[in-house]
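If you count the sequence shown from 1, you need to add 2 to reach my numbering.
Source of the hints: derived by calculation from the structure; they are not laboratory data.
A virtual CB, placed ideally from N, CA and C, is assigned to each residue, including glycine.
Hints are not guaranteed to be accurate.
Label-pair ranges, simulated between beta-carbon atoms [unchecked claim]:
no., residue 1, residue 2, range
1, T97, M73, 21 to 31 angstroms
2, R98, L36, 18 to 28 angstroms
3, A65, S5, 33 to 43 angstroms
4, D71, E31, 18 to 28 angstroms
5, D12, V96, 40 to 50 angstroms
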Amino acid sequence: MSSTTESEWDDESRDLVQALIIVERNTGEFGEWLPEATSDDAAPSSYGSDYAYAATGPHTNYARRAALDAMDAHKKASGDGANLNGVFFDVQRVTR
3 MSSTTESEWD DESRDLVQAL IIVERNTGEF GEWLPEATSD DAAPSSYGSD YAYAATGPHT
63 NYARRAALDA MDAHKKASGD GANLNGVFFD VQRVTR
């Protein structure tokens, strides 16, 4: 009697995961497509280009602000010599 191990991933599933990895690696923090955003056409001095990028705001991400405020308080409480490498705070939406 012999048995064959079946893969949990079929070809289509593997292709989808590989495509997702490519998209994630090529998408910037603002959702922009990095090969386009880093091309010479995207440069502010590229007047022959049909597109550019413009910032809007400022905006405040209050979830991010809560994490940064918590880190500031933790740094102060830990003292100047504390090693805070790897320290981070989770943020949850709470009812007031």
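How the hints compare with the structure:
no. : hint                             : result
1   : T97 with M73: 21 to 31 angstroms : 24 angstroms, holds
2   : R98 with L36: 18 to 28 angstroms : 39 angstroms, violated
3   : A65 with S5: 33 to 43 angstroms  : 49 angstroms, violated
4   : D71 with E31: 18 to 28 angstroms : 21 angstroms, holds
5   : D12 with V96: 40 to 50 angstroms : 42 angstroms, holds
In terms of the numbered hints stated before, the structure departs from hints 2 and 3, listed from lowest to highest.
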